[in-house]
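Student: Protein chains in written order, with my numbering: chain A, 1 to 220; chain B, 1 to 401.
No lab work stands behind these hints: they were computed from the structure. Remember, it's a predicted structure, so these values are computed and weren't measured experimentally. Heads up, the beta-carbon is just placed ideally off N, CA and C, and yes, glycines get one too. Treat the hints loosely; a few may be bogus.
[To be verified] What follows is a set of in silico ranges between Cβ atoms, one per label pair, in the way DEER data are often shown: (1) 116/A with 4/B: 23 to 31 Å; (2) 70/A with 40/B: 52 to 60 Å; (3) 374/B with 15/A: 41 to 49 Å; (4) 70/A with 337/B: 35 to 43 Å; (5) 382/B with 111/A: 25 to 33 Å; (6) 175/A with 290/B: 52 to 60 Å.
[To be verified] Just a few of them, taken from the derived set where beta-carbon distance is under 8 Å, the chain A residues facing chain B: (7) 42; (8) 51; (9) 71; (10) 73; (11) 80; (12) 91; (13) 96; (14) 105; (15) 108; (16) 125; (17) 126.
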Amino acid sequence: MLLSSTHISIARRGSPELHFPDLDIQPGQRTLLLGPSGCGKTTWLSVLAGLLAPQGRGKVSFEGRDIYALSPRARDHLRGRHFGFVFQTLHLLPTLDLRSNIALAADMAGAARDEARIDRLLQTLDLSQKARRKPDALSQGEQQRAAIARAVLNGPKIIMADEPTSALDDANAEAVMNLLGKQAQETGAALLIATHDNRITHHFENIVRLEDPHPAKEAA
Amino acid sequence: MNALTLASASVKSRPLHATLCVLAAGAGIALLCAIFLLSGAVERSFIRNAQGIDVVVGAKGSPLQLVLSTVYAADVPNGNIEADQAKRIEHDPRVAKAIPLALGDNHNGYRIVGTTPDYLSLYDASFAQGKVFEKPFDAVAGALTHLKTGDSFLGAHGLAADSDDIHHYHAYTITGVLKPTGTVLDRLILTQVESVQQLHAHPDLGDPDAAEDLKISHEVTALLLKMKSPLSIMSMPRQLNKTSNMLAANPGYEMARFSRSMGFGKEVLTALGAGFVALSALMLLSALASSLAARRYDLGVLRVLGASPFTLSCTVIAEGMMLSLAGAVFGILAGHGMAYLVAVNIDSLQGLVLPQSFLHFGALDGALLGMGAVTGLVAGLVPAVSAARTDIAGILARGRA
Numbered sequence: 001m002l003l004s005s006t007h008i009s010i011a012r013r014g015s016p017e018l019h020f021p022d023l024d025i026q027p028g029q030r031t032l033l034l035g036p037s038g039c040g041k042t043t044w045l046s047v048l049a050g051l052l053a054p055q056g057r058g059k060v061s062f063e064g065r066d067i068y069a070l071s072p073r074a075r076d077h078l079r080g081r082h083f084g085f086v087f088q089t090l091h092l093l094p095t096l097d098l099r100s101n102i103a104l105a106a107d108m109a110g111a112a113r114d115e116a117r118i119d120r121l122l123q124t125l126d127l128s129q130k131a132r133r134k135p136d137a138l139s140q141g142e143q144q145r146a147a148i149a150r151a152v153l154n155g156p157k158i159i160m161a162d163e164p165t166s167a168l169d170d171a172n173a174e175a176v177m178n179l180l181g182k183q184a185q186e187t188g189a190a191l192l193i194a195t196h197d198n199r200i201t202h203h204f205e206n207i208v209r210l211e212d213p214h215p216a217k218e219a220a
Numbered sequence: 001m002n003a004l005t006l007a008s009a010s011v012k013s014r015p016l017h018a019t020l021c022v023l024a025a026g027a028g029i030a031l032l033c034a035i036f037l038l039s040g041a042v043e044r045s046f047i048r049n050a051q052g053i054d055v056v057v058g059a060k061g062s063p064l065q066l067v068l069s070t071v072y073a074a075d076v077p078n079g080n081i082e083a084d085q086a087k088r089i090e091h092d093p094r095v096a097k098a099i100p101l102a103l104g105d106n107h108n109g110y111r112i113v114g115t116t117p118d119y120l121s122l123y124d125a126s127f128a129q130g131k132v133f134e135k136p137f138d139a140v141a142g143a144l145t146h147l148k149t150g151d152s153f154l155g156a157h158g159l160a161a162d163s164d165d166i167h168h169y170h171a172y173t174i175t176g177v178l179k180p181t182g183t184v185l186d187r188l189i190l191t192q193v194e195s196v197q198q199l200h201a202h203p204d205l206g207d208p209d210a211a212e213d214l215k216i217s218h219e220v221t222a223l224l225l226k227m228k229s230p231l232s233i234m235s236m237p238r239q240l241n242k243t244s245n246m247l248a249a250n251p252g253y254e255m256a257r258f259s260r261s262m263g264f265g266k267e268v269l270t271a272l273g274a275g276f277v278a279l280s281a282l283m284l285l286s287a288l289a290s291s292l293a294a295r296r297y298d299l300g301v302l303r304v305l306g307a308s309p310f311t312l313s314c315t316v317i318a319e320g321m322m323l324s325l326a327g328a329v330f331g332i333l334a335g336h337g338m339a340y341l342v343a344v345n346i347d348s349l350q351g352l353v354l355p356q357s358f359l360h361f362g363a364l365d366g367a368l369l370g371m372g373a374v375t376g377l378v379a380g381l382v383p384a385v386s387a388a389r390t391d392i393a394g395i396l397a398r399g400r401a
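Just chain A, same shape as in the assembly (with noise of 0.2 Å):
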């Protein structure tokens, strides 16, 4: 088993509690957390990077080590190194250059910076002419690819994705989808990916559906 949590609950200030249903992920698995805006999947996504404890029995494990029972720099170093993650909005760091923005994976994880494995990325994923570019210099679509190059520098053994389809087209998200895909099984790594976006459920043979928390709110 690659990463699985049991027993999630969280409770936010002003948020009702949020109760997630267990879930296993094996090595190499696509897995889909899908579930209408505001019912937690990103909360989640937190808790299983180790960025979110969670109440009571609630626990996570990594390759059968349970994470928040690890010092904050262990958790840190342990997110830095094995997970790869890609965010709703991209989030790049505007102040640095589209390179440097992939190598911080690297630099952040305390992992030597492999620069022919950042030309490979650049080159792989079509953003070698554009290295030394500022993000607001770039596209959307090259700044999604360079996300995603920053997720996989390290070889993570998952790479979680937050909403990266929803503010995109059909063609744009499938093309996401099949790079996110690919980098997956060309690094070996699982693939969990929370949204709300529908279109997407054909690439992912484990589909975890989550409940709105607010259905008789919504209602009215």
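Using the hints, position chain B against chain A.
Tutor: Below, chain B without anything else, positioned relative to chain A:
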């Protein structure tokens, strides 16, 4: 990529904001730097100008005025003393060395001082050209007097540059020009005491000051004394002040009194400079805090990528220190520039301080650089703690604003 390069990238991405922070941090340090440089130079100059002089003897009046006029050439003398009285003091067994000064004339505002070559040795003066005076009406020019060897000029009565009471009896000839010393010597023209006395013994026909001139021809203005023992430094002035019509003053004591009264102004300026530094620290804090608010999502991304809270804190502190250190460097350069311009443009400082000395860096600059670093550290501390406590999950859930 580490905290330093991330901070550097952040600073570079907002040049206007960074420039304003640097200017704010630099303003206070520039003011402090200039104040410390100028006051330090003036204080050192006070000491250097009075070195080797234990007691000044002159006419009765204000002791501070006596010291300022004879040691610092910065005031008019109280009056003169009889040459015979001066001779008696010179031969007093308690006196190791006596240097007479005869003032009263000027050339283009530069005082003509009748004295002996011993006066030059007080300041370790050396010649840029020529040699010392050997006979009456030979003269040695200070470095700032714009005179050169071979120049000839007539002395004007009094100490004011615009005096039209010219002594036509005899012209002075420059036999030597001194190298700059950063002392009062740079603004003086030195000659034998006899030159001043002979000039006043031969007043021009119809000169209304003829009687006064004749009187001066038998007088000197003051004696600079080096005493044989510390005890006599105390006892001789006390005795002279009590039993003669002369005034004896201790330059060190008088200048210490003078510095104390001037010290208030320095304290006000120093407090002002420190206030500027404190204000710049607050501005920096505010700038870092607002920058942090704008970059919170970026910091969140760094945490997700494996950066520790400590790394985030270091990034914020590095940014603060980078700005404040750049401000300190700017402030130090500006402070030296300000001190130089003040020294060059304020006449009363010329000969008291060497402007070129402000173009060199020293321990003060190291201290100011340290102050800049501490300012950045203090200003960055609160935002740094806030960065370390960033609620990553909450930020990711809310998304970038």
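Student: Are the hints correct? Go through all of them and say.
Tutor: Hint-by-hint comparison with the structure:
no.	hint	verdict
1	116/A with 4/B: 23 to 31 Å	holds (25 Å)
2	70/A with 40/B: 52 to 60 Å	holds (57 Å)
3	374/B with 15/A: 41 to 49 Å	holds (43 Å)
4	70/A with 337/B: 35 to 43 Å	violated (55 Å)
5	382/B with 111/A: 25 to 33 Å	holds (32 Å)
6	175/A with 290/B: 52 to 60 Å	violated (38 Å)
7	42	holds (5 Å)
8	51	holds (5 Å)
9	71	violated (10 Å)
10	73	holds (6 Å)
11	80	holds (2 Å)
12	91	holds (5 Å)
13	96	holds (5 Å)
14	105	holds (5 Å)
15	108	holds (4 Å)
16	125	violated (18 Å)
17	126	violated (23 Å)
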